[in-house]
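Enquirer: Residue-level listing of the chains:
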Amino acid sequence: MQFEVVDFVPLAVLIPFFGAAFAFAFYRNQATQKAITIGALILTVLLELVLLAEVWHGGAHAVQLAGWPAPFGISMVIDRFAALMLVVSSFITLAVLLYAVGQGAAEEKNDAGPVSIFYPTYLILVAGVSNAFLAGDLFNLYVGFEIFLTASYVLLTLGGGEARIRAGVTYVVVSILSSMLFLITIGLMYAAAGTVNLADLALKLSELDRGTQLMLHVMLLVAFGIKAAVFPLAFWLPDSYPTAPAPVTAVFAGLLTKVGIYAMIRTETLLFPGERINTVLMIVAGLTMLVGILGALAQADIKRMLSFTLISHIGYLVFGLALSSVIGMAATIYYVAHHITIQTTLFLVTGLIERRAGTANVDRLGGLARISPVLALLFFIPAMNLAGIPPFSGFVGKLGIMQGGIAENTWITWTLVAASVLTSLLTLLAVSRIWARGFWRRAEDVEDPERIMLQKSLVHARAANKRLLPASMVAPTAMLVTMSLAFTVFAGPLMNFSRAAAQDMYERTPYLEAVLGQERVDGVREELVDFTTGYVVDLEPNDGGAAEFAPVRTSLQPEVEIDERGSATVEVEEQAEPEGGDE
Amino acid sequence: MTINLTLLVVMGAMLAVGIYLLLERSLTRVLLGIILISNGVNLLILQTSGRAGEPPIVRDGMEAGDYLDPLPQALLLTAIVIAFAMVALLLALIYRSWVLGRQDEVTDDEEDRRVAATIGAHDPEEDADVGTETSEFIDAVDPATGTVRSVSPAEPRDDAATALTEGSRGAGES
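So the sequence lines, in the order shown, correspond to chains A and B.
Under the working numbering, the first sequence has 69 at position 69, and the numbering climbs by one with no breaks.
Under the working numbering, the second sequence has 135 at position 135, and the numbering climbs by one with no breaks.
The hints are simulated quantities; they were obtained by calculation from the structure and are not laboratory data.
Where a beta carbon is used, it is the ideal one built from N, C-alpha and C, also for glycine.
It is possible that some hints are incorrect.
[Unchecked claim] Looking from chain B toward chain A, a few residues come up when the C-beta cut is under 8 angstroms (computed): (1) ARG29; (2) ILE34; (3) ALA85; (4) MET86.
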């Protein structure tokens, strides 16, 4: 029997799991645990890079576990979007792990239980996230969610201090509630359609009564909305994230909400394509942006402020999703990858600030730029990136989403574009306040400064830097900052890749063919194509529809070729910075 | 699809009671609510297999419709295991919260307290100076003898709690 590289997809889940088991086995020996954990994650990253290279031009692949064919067995599906998310998430988790090792295993003195649990739990979290990205059926998606949520409960309450327990209880109860909603929806979907396989559901759900479809759709969105922290369901987030250790908060903020968004995008494109509730989604997106960023402005603590900006930027992703167009979805995919990196980086830098200055409260910070220029640089780049200042990737992603909104050209999308711009400016205000107070003002001007900030001379202060900011923590942070810059430098190829991924997801045939096989899809191909061309704008950019729907002609427009199998490949054209053409 | 009405009614009742308990402030009741909800959901999944049928082992000459659909039971088993783990973890958290803060309640978060401080809000019921012993059970146990003190029916529970709080406050002042 011939094996292909993509058949090794399940290893992306299994390697971290085995790593976790071995790490548990060596609970007495921290050094071995560290080596196993780092080794397992590096292996995962390498595997996922190979997988990404494999699907870069090839569309979707499915692995039927234990050889049971699709609607009956468990399938794992990797397509462009899933592969990109896997690679980004593994890179992030690896960097955060190195940071945590540098920090001494996430506050080792608190984790002084009989068993050292940080590393194994961390690997289980990674396995759960990978499983959720690869899941080919709803129930496996639920299991993936539960795996990483359970790991996250443990990580959030690490050490079991009073504040963490308090935050942890809220987080656990809210998460369980959303999981229960998800489970109810799975039950109802099975009752209605008789399957939980995503590809099979995609074909069968459209035969259902429209009212039933709408109910299942909304229930699923509410369940994922809680996990993704979308506006009316987001208030658990700023309350629970900031109390955890810095590396834990960083990986939660970067990844966990994005898995919710991933699930939303996946089900929205595959199971419920079309524009039925797009207006509602857009209103929700706008409110998420504005309420989130207004909350951020009211905060003095950097961690809490960042938690609110996290909520607000989820709004962009929901907006891009609600556009139901290839332009909007491509930008959303790009923005998800960018935002995972940026948000994680900012939380790591905040951890460094807290270590150096003894507090993360902006009112009590000052003079950091003078004391540690490196720290200032590490904060400045991702902060400006978050706000979407032009050369950075945040700008490219936001611009793409707004272009999608402008191309759609209705009152609601214009309102959302305005809200996006406003949110972007307010984000700039929020981060520049931290910059101006924490880094730029003189340390002597702070009203109630930490003693550690008042060194006798600059030489003393720089000496303290060595002790408080070890290279083992600064280097992973710098690595992430570099990665976020790479999103800017390689924005052209990445945007083209995202566009191909978006096209795949809206066409749906690549995914369905991979899971169900060609014969099954051939029977319904015409319906699918009719539906897609009827609903999704500019799927084939050569037909003139693009010009009609996209009055703003930009260099971000795709160059797509349809090959003989009907799947699209994107020409990676030689171009300068993609934002060059947008001015 | 045929649905067992008894199971449906039981499921509805469990979900309703569970949601009611989930809205309580006491963590133990929240936990009980979660247990009820998760079991209600399990019943829901069980019902999606329709009416009971023959065991799903392939035999010659059987109509496909005569077999029981086994998939929901497989899903259900996984869901039970997950819910069990969640409940155990939550129980540990609640116990820890009790050990640390003598709190069996969801406490106000930072934002609540800040807003309350900013507008100078004072809710006599919420903000009154009460003892930290909020359990309904521990007050009734006499620490000296370990016996359970009987609460006379003439004396309503709330009054007993208030009297005890005042007693502890008096002890603090003296």
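Enquirer: Taking the hints in turn, state whether each one holds.
Expert: Hints, verified against the model:
no.	hint	in the structure
1	ARG29	11 angstroms, violated
2	ILE34	6 angstroms, holds
3	ALA85	6 angstroms, holds
4	MET86	6 angstroms, holds
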